[in-house]
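Student: The residues making up each chain are set out below.
2 protein chains.
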Amino acid sequence: MDLITVDKASTLVNNSIEDFGLEEVNYMEALGRVLKEDITADRNFPPFNRVSMDGIAIDFNSFISGRRSFEICGIQAAGSMQKKLEDLTGCFEVMTGAVLPKNTNVVIPYELVTIENGLASTEIEEVKKLQNVHLEGLDRNKADILIRKNTRIGAGEIGVLATVGKVRVKVAKQPKVMVISTGNELVSVDKVPLDHQIRRSNVHTLVALVSKFGIKAQTSHIEDNKEVLKQKIEEYLNHFDVLLFSGAVSKGKFDFIPEVLNDLGVKKLFHRVKQRPGKPFWFGKRGRNTIFAFPGNPVSTFVSCIKYFYPWYEKSMGLKQPERKMAILDEDFSFSPSLTYFLQVKLQQKGGKLYAVPVAGKGSGDLANLVDSDGFLELPDDRSTFTKGAVYPVLNYRGL
Amino acid sequence: MDLITVDKASTLVNNSIEDFGLEEVNYMEALGRVLKEDITADRNFPPFNRVSMDGIAIDFNSFISGRRSFEICGIQAAGSMQKKLEDLTGCFEVMTGAVLPKNTNVVIPYELVTIENGLASTEIEEVKKLQNVHLEGLDRNKADILIRKNTRIGAGEIGVLATVGKVRVKVAKQPKVMVISTGNELVSVDKVPLDHQIRRSNVHTLVALVSKFGIKAQTSHIEDNKEVLKQKIEEYLNHFDVLLFSGAVSKGKFDFIPEVLNDLGVKKLFHRVKQRPGKPFWFGKRGRNTIFAFPGNPVSTFVSCIKYFYPWYEKSMGLKQPERKMAILDEDFSFSPSLTYFLQVKLQQKGGKLYAVPVAGKGSGDLANLVDSDGFLELPDDRSTFTKGAVYPVLNYRGL
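Chains D and B, in that order, give the protein sequences.
Just add 3 to wherever you are in the first sequence, counting from 1, and you've got this note's numbering.
Just add 3 to wherever you are in the second sequence, counting from 1, and you've got this note's numbering.
Just chain D, with the same shape it has in the complex:
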């Protein structure tokens, strides 16, 4: 069967997104989630004429008339009801965050004031009306939209949600994800494998990869037996939104996944992509189920998850896809097969530029190599030499 290109595969995946609806969570649990309502200002910001420096508040006209010493008539603290300056020749001591007292309209900071015997004096020669006052509504007005729907909620957004008293927040519901391994050579992590066995690792890597979005995926292992596979996968299709497989999609005698998925009515959208690693990648849909069947080599599974599942998920959540991140190849490189090559690279920031240094790996089976690199440079399939200084898309998996 013909291989499809990486771009075509991406398009098919991104055209297969799902809306998982929304749910309400507490604002502190909304961190990292995708907002599903506009957040508006419940009042003006600031909600009152707010003192923005510690000092004294006076009447502008009193200063203009030549007065430089002001009797202290009281203190306007942050969190106190607005007071009123009855004697316009006097002043209030005022604190940052306080309401500007009535009958005052100038704040002179303590640095420019001497206080003695209940009298605050200054030697400054001019003041401006409303200096050191953060005016009511200057930042935002009541009912202004502060955060738009479909924003990913970060720390700044948490602060805004708190400020407007948005205790319960509508966010996109997470898909229910099941990560499935097959392969009779696999034993669990806490077992000592026999000579011909290895431990299960890809499922755990996938769980870690999707947890970046706060998805708590479940895992399962199914033996290489068609009937058991059918029965279990049918069950998972009924209880999960997304199935992520690792392995059993190539040409081996026990690579039952494509056949079993077909038998269960999952529609294949493609199988085998012009890429390395990850050529045998299989992708399909059944109703609202989405099935990513990644090849079993650790690096294949890893890069395919980032390349295909990540954008699918983000688009499903309603997030706008950002411009693709690019990096500058830092060494000449060549790769002959007519496949998109995901080159493992170490990323380096220098002077506002992002450089990608190839990391010599041992192929798609070399899991430990992922530890030494930061991402994959996506080298297109239409050429075989890649020159130092050229710019290519990069999939960076070190989020920080």
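Calculated from the structure, these hints are not laboratory results.
Treat the hints with caution; some may be incorrect.
One copy or two, either will do: identical chains are not told apart, so a pair holds if it fits within one copy or between any two.
Unchecked claim - In silico DSS-like pairs for lysine-lysine, Cα to Cα no more than 25 angstroms straight-line: (1) K318 - K349; (2) K391 - K356; (3) K152 - K194; (4) K176 - K219; (5) K277 - K11; (6) K176 - K215; (7) K256 - K87; (8) K39 - K349.
Treat the numbers as computed from the prediction; the structure is a model and nothing was measured.
We have chain D already, so just place chain B on it with the hints.
Tutor: This is chain B only, laid out in the frame that chain D set:
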């Protein structure tokens, strides 16, 4: 008192790190944590001569002698004990991940083989010894270090931990962090504030900011009363490693924090930094306690946490500080005061370069503005004009 420079403040903070020791966690809980032991290979990788393509395995000499048809003597599946080819003129069908059968040393992929009546035939003209075999120990040898101590554990590292059967992993213990607000103007998020009040937001922002590292901070609010402050802060100093304050460090009448901390024996390392926003930042130590008292304006708290707490934490965990991320200023900008200015910017990736576009804000009180930007460009205090195209360090708070 004289202000100290941002660089001097950073140095003092980074010289005040603490070692919080280590703890053992399950490998899946180790994600995002900092590894505190070297992880070594428990066996060779691959642990056996591993078939890397589905196909047939034959003896090289049999091919060299001219044979192109091989009787199929059995199947070597992944996860099966190693079999032995008794008849050297025959072959085994072999699956990716299987042990290479004894007496075979060439794998020919199914694509190049025709199978009929129990006979596998090929028309290829040459083979190489050990082709399509991933040799035992090629990737790593037993006892090789796969992940070094002091690595932050990502998805790739999780896969390696699983592979070597590292069920319990030594990681750096997290500091116990208490986030404290003061200020009588503050009411809790679920309350409707009176005209002169606002809701508590900075503590929640700080909790969100430190949760990036998996820290589960607690929060507390203390009223502006010296005796209450003393008693509560003493209690927190005894039960937490790190206190993060927001507010009450400036010149106001109720800015008791520096005085109270001093009374409690906390040694001030600096107070007031040549920066905007965040000038009144106070930092000190008492024994193994570390106290960051950030100014109360939302943007001041936010940028100070990223600028000072983040590197302090990462260095405390034993992580190497990466090169500072830089971005290219995308518009001319001017700022006269002799202060380091943290300019709010939107970040854009283009052609491997990172551009910082200034976002017009309303000053350090404008929390909603954090929603519209991605980071802060750190403009040095020794000049007042900043030209489009110049490169400055950037603090990016959109982790993804």
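Student: If a hint holds in the structure, say so; if it doesn't, say that too.
Tutor: Hint by hint, here is what the structure shows:
In this assembly of identical chains, the alpha carbons of K318 and K349 lie at most 25 angstroms apart only when taken from different copies (22 angstroms versus 27 angstroms within one copy). In the homo-oligomer, the alpha carbons of K391 and K356 lie at most 25 angstroms apart both inside one protomer (14 angstroms) and across protomers (16 angstroms), since each shortest distance falls under that limit. Within a single copy, K152 and K194 get their C-alpha atoms only as close as 47 angstroms, which misses the 25 angstroms cut-off; across copies the closest is 24 angstroms, which meets it. For the identical chains of this complex, K176 and K219 are neighbours both inside a copy (12 angstroms) and across copies (23 angstroms), given an alpha-carbon limit of 25 angstroms.
For a Cα distance limit of 25 angstroms, the shortest separation of K277 from K11 inside one copy, 10 angstroms, qualifies, whereas the shortest one across copies, 53 angstroms, does not. For the homomeric pair K176 and K215, the shortest alpha-carbon distances inside one copy (15 angstroms) and between copies (21 angstroms) are both at most 25 angstroms. When the C-alpha separation of K256 and K87 is checked against a cutoff of 25 angstroms, the pair qualifies only between copies, where the shortest distance is 19 angstroms, while the shortest distance within a copy is 87 angstroms. In this assembly of identical chains, K39 and K349 lie within 25 angstroms of each other by CA distance solely across copies; the values are 22 angstroms between and 36 angstroms within a copy.
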